[in-house]
Amino acid sequence: MNTTPGTTADNGGNFDPRQAAALLDQTTQQARRQLQPSPPWLLATRAVMVLAALGAIWLSVRGQHPYRGPTAADIPILVAFIVINFAATVAVRRRATTGVSGRSPLRPAEITIAALAWVAVVVVMVALAVAGVSYSLYPTTVLIIPGLAWAAVMAARKDWGNCVTGLAVGVVGVAGLFAGPAGAWAVAGVGLCVVLLGRAAFIAWQQHA
Amino acid sequence: MTDDGLDPLIHVPTRLKIVATLAALPDGDALSFTRLQDMIGLTPGNLIIHLRKLEEADYISSKKSSNGTVSITTVALTGHGRAALGAYTQALRELLGGL
Numbered sequence: 001m002n003t004t005p006g007t008t009a010d011n012g013g014n015f016d017p018r019q020a021a022a023l024l025d026q027t028t029q030q031a032r033r034q035l036q037p038s039p040p041w042l043l044a045t046r047a048v049m050v051l052a053a054l055g056a057i058w059l060s061v062r063g064q065h066p067y068r069g070p071t072a073a074d075i076p077i078l079v080a081f082i083v084i085n086f087a088a089t090v091a092v093r094r095r096a097t098t099g100v101s102g103r104s105p106l107r108p109a110e111i112t113i114a115a116l117a118w119v120a121v122v123v124v125m126v127a128l129a130v131a132g133v134s135y136s137l138y139p140t141t142v143l144i145i146p147g148l149a150w151a152a153v154m155a156a157r158k159d160w161g162n163c164v165t166g167l168a169v170g171v172v173g174v175a176g177l178f179a180g181p182a183g184a185w186a187v188a189g190v191g192l193c194v195v196l197l198g199r200a201a202f203i204a205w206q207q208h209a
Numbered sequence: 001m002t003d004d005g006l007d008p009l010i011h012v013p014t015r016l017k018i019v020a021t022l023a024a025l026p027d028g029d030a031l032s033f034t035r036l037q038d039m040i041g042l043t044p045g046n047l048i049i050h051l052r053k054l055e056e057a058d059y060i061s062s063k064k065s066s067n068g069t070v071s072i073t074t075v076a077l078t079g080h081g082r083a084a085l086g087a088y089t090q091a092l093r094e095l096l097g098g099l
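For the protein sequence lines, the chains are A and B, in the order given. In this text, residue positions in the first sequence follow the numbering used here: the first is 1, and each later residue adds one. In this text, residue positions in the second sequence follow the numbering used here: the first is 1, and each later residue adds one.
Extracted from the complex, chain A is given alone in its bound form (with noise of 0.2 Å):
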């Protein structure tokens, strides 16, 4: 039979408890980060990236008198962060949930209610630009309905920390409308950035917990 270090005291005879406590919490906290479908490290980056993206946009626009919306080299940024953020999303949390079953991966229900969050999105800018309702030219405004979708999910979950961030993300997308259109992109990335370091905080705190 195969023996690791970790088989050598099989009646734990050998075990001492300071090693047994060390073992655990060492153990405990590897798995929790190996599990971890959002870790706290890409949570940050994230919060930066948005920041960077979102604060660029911010600052080409600011000036506009009238309010055009984001200029056509403003786009490529937002795109690539759209892109580079989805990629690692992807990746990040497909490597966390390997072989992972039961209640965590999201249903199927719950990815169509997502999904028709963001197509319900699309459906509500085009018919406010239709009825010349100014709030469809202001970034935060896509925010509200996927913000609030997914906190409706994770709340019939009962994981309240990403409802928490889920309602955080629609109190954005409302705080924006206050801003005016240029304005909405500065709160945009500063509430989503203030947002994700607070979910990467949660969550760095629950896993030394």
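Honestly, I wouldn't trust all of these hints.
[What the hints assert, rightly or not] Calculated lysine-lysine pairs in the DSBU-like style (CA-CA distance at most 30 Å, straight line):
| # | chain 1 | residue 1 | chain 2 | residue 2 |
| --- | --- | --- | --- | --- |
| 1 | B | 53 | B | 64 |
| 2 | B | 64 | A | 158 |
| 3 | B | 63 | A | 158 |
| 4 | B | 53 | B | 63 |
Hints in this document: simulated from the structure, not taken from any laboratory.
For this one, chain A is given, so just place chain B on it according to the hints.
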């Protein structure tokens, strides 16, 4: 229990690693045998021996499922196992606090 009040079933390095790893999952989740093996760094035969002992004590539950050609075994900590780890952790704290 051992003389120092530690559950002898858990107070073995490999089994402690298995139980602690499974406890890191949220309640109601299970881990595939291969992922657990990968995380603990044991051979399949070695892991099976320890899992069997834990399953006999109702500390873990295992389930076999098949999707056509591939058979997947998943392992989860039971409520009893979670409580046993909690009691073990508490006993360790008391023991080390007294040293």
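Checklist entry - What hint numbers does the structure not satisfy? => result Going through the list in order, the structure violates no hint and respects every one.
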